[in-house]
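S.K.: Sequence:
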Amino acid sequence: MTIMKKIFSIIALSAIIGITGCKKDFLSLEVNPNTPSVATPQFQLSGTLAVSANLYNANVVATGNGAISLTTGGYPATVGVWMGYWTPSGNYVPNSALNTNNFTNTAYQIFTQFYLNLSNYNDLVKKGTADPTLVHFASIGKIMKAFEFQTLVDTYNNVPYTDAFKAPDVLFPKYDSGESIYDDLIKQLDAAIAAIKAAPTSAVNPGTSDIVFKGTMANWIKFANTIKLRLAIRQWNKLPAKQAALKTAILATSADGYVDETFQVAANPGYTNDDANSGKQSPFWLSYGANATGAVSLPGDYYKANNYAITKLKNTNDPRLSRLYAPAPAPTDPAVPFFGNIYGSTAPSNNPKTSGIGPGLLTGPTMNAVLMSSAESLFLQSEAAVYSILPGNAQSLYEKGITASFTALTVPNAATAAAAYYGQAINNVSWTASTDKVQAIIVQKWTALNGYGNLEAYSEYRRTGFPSDIPVSTQSTQPTIPSRIFYPATELSNNGDNVKAQGTINQFTSKIFWAK
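End of the sequence shown = 533 in our numbering, gap-free, step of one.
These are calculated hints, taken from the structure and not from any lab test.
Careful: at least some of the hints might be erroneous.
[Claimed, not checked] Label-pair distances were calculated between CB atoms; the ranges are:
#1 Thr-279 to Gly-224: 16 to 22 Å
#2 Tyr-404 to Thr-289: 41 to 47 Å
#3 Ala-312 to Ile-522: 38 to 44 Å
#4 Thr-526 to Asn-332: 29 to 35 Å
#5 Thr-265 to Pro-111: 47 to 53 Å
#6 Asp-486 to Gly-224: 43 to 49 Å
#7 Ala-312 to Val-110: 18 to 24 Å
[What the hints assert, rightly or not] The list that follows gives simulated cross-link-like pairs (lysine-lysine, DSSO-like), each with its CA atoms no further than 27 Å apart:
#8 Lys-259 to Lys-454
#9 Lys-144 to Lys-183
#10 Lys-204 to Lys-214
#11 Lys-255 to Lys-528
#12 Lys-191 to Lys-259
#13 Lys-533 to Lys-259
#14 Lys-191 to Lys-204
#15 Lys-183 to Lys-143
#16 Lys-533 to Lys-255
#17 Lys-144 to Lys-204
#18 Lys-533 to Lys-454
#19 Lys-528 to Lys-191
#20 Lys-370 to Lys-329
#21 Lys-533 to Lys-517
#22 Lys-528 to Lys-264
We treat Cβ as the ideally placed atom computed from N, Cα and C, and that holds for glycine.
Given the sequences, and given the hints that come with them, work out the whole structure.
M.R.: Dropping the structure here:
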């Protein structure tokens, strides 16, 4: 059986488990260990990583275990609208919930999909704990658990953690505070790094079943280190009493390195342009590009350029404009080929007059599914240098981050073009011309995260308030961008007492523990 067939099988199995399992214990769902053909660690690792690729790259909505949905309303796409990247097309009836931000606890949900996938990573950790030869599988499981649990905390704040995956002993898992989860994730990442470095010679290398790094465990250590840094930076300014401890934790493994300009964290099990509706195409392409026959996907037809991003890129002479956005097929003014709608406009322009998602993002059906870009990591390291958490030249790391973004988007002559761009004496472009170095870092990170990193851009906006001029929908019921989404209706139904213990949630005033 090929890797791709195995991946589709494991996704199908997860969907079946999700349908037939007890509603009260979905946090314990795992691939059945009594079915050897399903539960081999290689099979489980490749399939679970493939679902992670979908969760972060596809238009995933509230049903299914990371299944790609060719409809609108997915969380990553919605966040892309909030962050000023995209807007709804004028070809469709306006979406009142999206335009007013008056949404409910059934909207934009990722809770169940993430926990279903986390249960499989948890099973890999258990297998590796029981069998020392599987230590690399367990370590990857721990690293990916940290990666996905951070997303859950960044989305919902307090979530089930210590009680997760304990059914049938615990059917109603209590919620842990977001801060305590962050603290333990750093410990789990340290444990994963130490385990990889101390692995016995008998340890099985994941090889091609590792669809991210193909068994290069040194890169997994660097990814774990980068997640640690992200966990520390996220809470650095909000919780100054923890800064000394966080710095100590970061420095303990900093010599092992970080994701840098030489590689990014991206999955690819062998995406093809065949049988698109079964998910064999790269998830970002399938969601926002076209199917195997060339028909544009519904989300790709629905989500168009936001005037805010177009204007910001034009005003700074940023050549990434033509990589992040496609020229309008029939612009109102031929001299202005790049055009975006205003979020919340009651009469947005139709598709022929509006720019779509660009060729630097939509590179083809076999494209990698990015989990963390080189640029994101380099900007993290630059900010860490500003705070003196890490040694290094903050300006050099900042400029490397910009160059990495140009390279990833295939800007022609990327290094030269990037140098010309950040050589302009413009605030938040040139390091020396920028009056607030952290603001410059986050504004540039915002540009670099467009498309593949919408969720991270949203978290960084809530943490720092940058870019400070992202406009709210003209129809919004409040003058601010939503600070979070609600706990899902299904969780309220299945684990109601523990959900209610979190208090009344408001999408504008309830904040994640690290938020500004």
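S.K.: Determine for every hint whether it applies to the structure shown.
M.R.: To see whether the hints hold, each was checked on the structure:
1. Thr-279 to Gly-224: 16 to 22 Å: holds, 21 Å
2. Tyr-404 to Thr-289: 41 to 47 Å: holds, 44 Å
3. Ala-312 to Ile-522: 38 to 44 Å: holds, 39 Å
4. Thr-526 to Asn-332: 29 to 35 Å: About 32 Å separates the Cβ atoms of Thr-526 and Asn-332, which means 29 to 35 Å holds.
5. Thr-265 to Pro-111: 47 to 53 Å: For Thr-265 and Pro-111 the Cβ distance comes to about 51 Å; the hint holds.
6. Asp-486 to Gly-224: 43 to 49 Å: Holds, at about 48 Å.
7. Ala-312 to Val-110: 18 to 24 Å: holds, 21 Å
8. Lys-259 to Lys-454: Roughly 22 Å separates the two Cα atoms, so the pair holds.
9. Lys-144 to Lys-183: Measuring from Cα to Cα gives roughly 16 Å; hence the hint holds.
10. Lys-204 to Lys-214: holds, 16 Å
11. Lys-255 to Lys-528: With a Cα-Cα distance of about 12 Å, the restraint between Lys-255 and Lys-528 holds, given a limit of 27 Å.
12. Lys-191 to Lys-259: OK: Lys-191 and Lys-259 at ~25 Å, within 27 Å.
13. Lys-533 to Lys-259: holds, 16 Å
14. Lys-191 to Lys-204: OK: Lys-191 and Lys-204 at ~21 Å, within 27 Å.
15. Lys-183 to Lys-143: Status holds; Cα separation ~12 Å.
16. Lys-533 to Lys-255: The given pair, whose Cα atoms are some 7 Å apart, holds under the 27 Å limit.
17. Lys-144 to Lys-204: This hinted pair holds, its Cα atoms lying about 20 Å apart.
18. Lys-533 to Lys-454: Between Lys-533 and Lys-454 the Cα gap is close to 18 Å, so the pair holds against 27 Å.
19. Lys-528 to Lys-191: holds, 20 Å
20. Lys-370 to Lys-329: Cα-Cα ~19 Å, so holds.
21. Lys-533 to Lys-517: holds, 24 Å
22. Lys-528 to Lys-264: It holds: about 25 Å lies between the C-alpha atoms, which stays within 27 Å.
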